[in-house]
Amino acid sequence: MISCKEFQSFISDYIDGDVSQFLKAEIEEHLASCNDCSLIVKRTLTIKNYLKNLRKVQASPRFEILLRERLKSELNNVKKFNDKRLFSINSFPVKPAIGALVGVIALISVITIIQNNTSKVESKFNEKNIVSDKVINNKAGQPIAIPPVKVTSQGLNNVNKISSFSQSNNLKSSSIDSTGIKSSLEKNNLKDKVNYVKKKKD
Amino acid sequence: MKSESDKEDLTPSDEELIERFQNGDLYAFDLIVKRYKDQLINFAYRFLGDLEDSEDIVQETFLRVFRKKDAYKNVAKFSTWIYTITGNLAKTELRRRKRRKLLSISNLGYNNKDYELRDLKKGPEERVDLSIQDEMIQKAINSLSKKFKEVIILRDIQELSYEEISNIAKIPLGTVKSRVNRGRLKLQEKLSELLKDSKK
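So the sequences go chain by chain: E and Z.
Numbers in my numbering are just positions in the first sequence, counted from 1, shifted up by 179.
Numbers in my numbering are just positions in the second sequence, counted from 1, shifted up by 14.
It should be emphasised that the hints constitute simulated quantities derived from the structure, not laboratory data.
These numbers were taken from a predicted model, which means no experiment stands behind them.
Take the hints with a grain of salt, since some may be wrong.
What the hints assert, rightly or not - Cβ-to-Cβ under 8 angstroms is the rule here; a few derived chain E residues that face chain Z:
no. : residue
1   : Ile-190
2   : Arg-222
3   : Lys-231
4   : Leu-233
5   : Val-236
6   : Gln-237
7   : Ala-238
8   : Phe-242
Stated by the list, open to error - Chain Z residues, not near chain E, derived (Cβ > 10 angstroms throughout):
no. : residue
9   : Lys-153
10  : Ser-157
11  : Glu-178
We put the beta carbon where it would ideally sit given N, CA and C, even for glycine.
Could you put the whole structure together from the sequences, leaning on the hints where they help?
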């Protein structure tokens, strides 16, 4: 048979019918001989009954209305938040800004490319550029100074003409390097120079 | 004509309702509110002893269900999930009250004649028309510590299973049974006067 202390640990299980047949028989045997434990069982059943029959508290009639209002305000807050975010995106002229940015980048790129090419051309040109201070000697061996010649890239043939002219007239060209010329003399300039050389020679 | 059993079959389960709500069916949420509002308010009221606070807590419970509907996974019963939310909110409210009481004690000066602590909230008897017996029982429940109060309310008032209580309170089944047992014995002590009267 179980003791009072052991029984007390099983009261709820016994009341809830959550004990084995064997334990139930043991408990009932104990209760039959113990008034204190019997009283505890009775009181526990009474308490359980009181609790079960307590008046059920219900939600007030306004409960659902209030809940709806809170949900609405919450949804509105979410909407406002989203609208604010959307508004802030919409209010900013995204497309023009992106267009302008792309334009600026393109412009910078073009300028950079042009600058690079120009510097390359210049450096190449400087490397191979002819010395424009041309000195041609006359028959007496005296140098005939030719003013600096502004050349263009199309003037290679013209300069070649100068070269051939100088050679055909027994002029010594000390500084004309036709192979490196990427510029040309303008026609009129060429004529002027030729005439100038002729005069000096005479 | 449909029989009663057919009607019961047509009633969607809690899990079906929350799934429908998760898929955007707001009507399913309404049905959840209608199904649970009273039992949750009863649970919160028995826990806190104040109807207004209980309604606030249950409102907050439904708002959380609404906001975090996707947090519910169909691995546990929906009732366990929603009771856990309400229970946690109720416990938080009790802690908040305790802090406020402590603050009000610490704010009393030596020369302050008003040593008597006044309840910050009106008692339940002022909000709910309780019988004297109900009032005594509610006071006895209020005087229980949180750990006993929770299991006693869930077991003997809300009539949930031990397994469900174990999931809600997040304690082992054996601990639930032991707490229910001890809680009932404590209530016997607190309600000895009432029990004497009932014997007469």
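Here is how each hint holds up against the structure:
The restraint placing Ile-190/E at the interface with chain Z holds, with a minimum CB-CB distance near 6 angstroms, inside the 8 angstroms limit. The criterion of a C-beta within 8 angstroms of any C-beta in chain Z is met by Arg-222/E, whose closest approach is roughly 5 angstroms, and the hint holds. At about 6 angstroms, the closest approach between the beta carbon of Lys-231/E and any beta carbon in chain Z falls short of 8 angstroms, and the interface hint on this residue holds. Of the supplied interface hints, the one on Leu-233/E holds, with its beta-carbon coming within about 6 angstroms of a beta-carbon of chain Z, less than 8 angstroms.
A distance limit of 8 angstroms between C-beta atoms decides the matter here; for Val-236/E the minimum to chain Z is near 4 angstroms, and the interface restraint holds. This hint holds: Gln-237/E has a C-beta 5 angstroms from the nearest C-beta of chain Z, less than the 8 angstroms allowed. Hint status for Ala-238/E relative to chain Z: holds, with the closest Cβ pair at about 4 angstroms, below 8 angstroms. At about 6 angstroms, the closest approach between the beta carbon of Phe-242/E and any beta carbon in chain Z falls short of 8 angstroms, and the interface hint on this residue holds.
Distance check on Lys-153/Z: its Cβ is at least 12 angstroms (rounded) from any Cβ of chain E, clearing the 10 angstroms threshold; non-interface status holds. Non-interface status of Ser-157/Z relative to chain E is upheld: no Cβ of that chain comes within 10 angstroms, the nearest being about 14 angstroms off. With a closest Cβ-Cβ approach of about 14 angstroms to chain E, Glu-178/Z is found to remain outside the 10 angstroms limit, as its non-interface label requires.
Violated hints for the displayed structure: none, as all numbered hints are satisfied.
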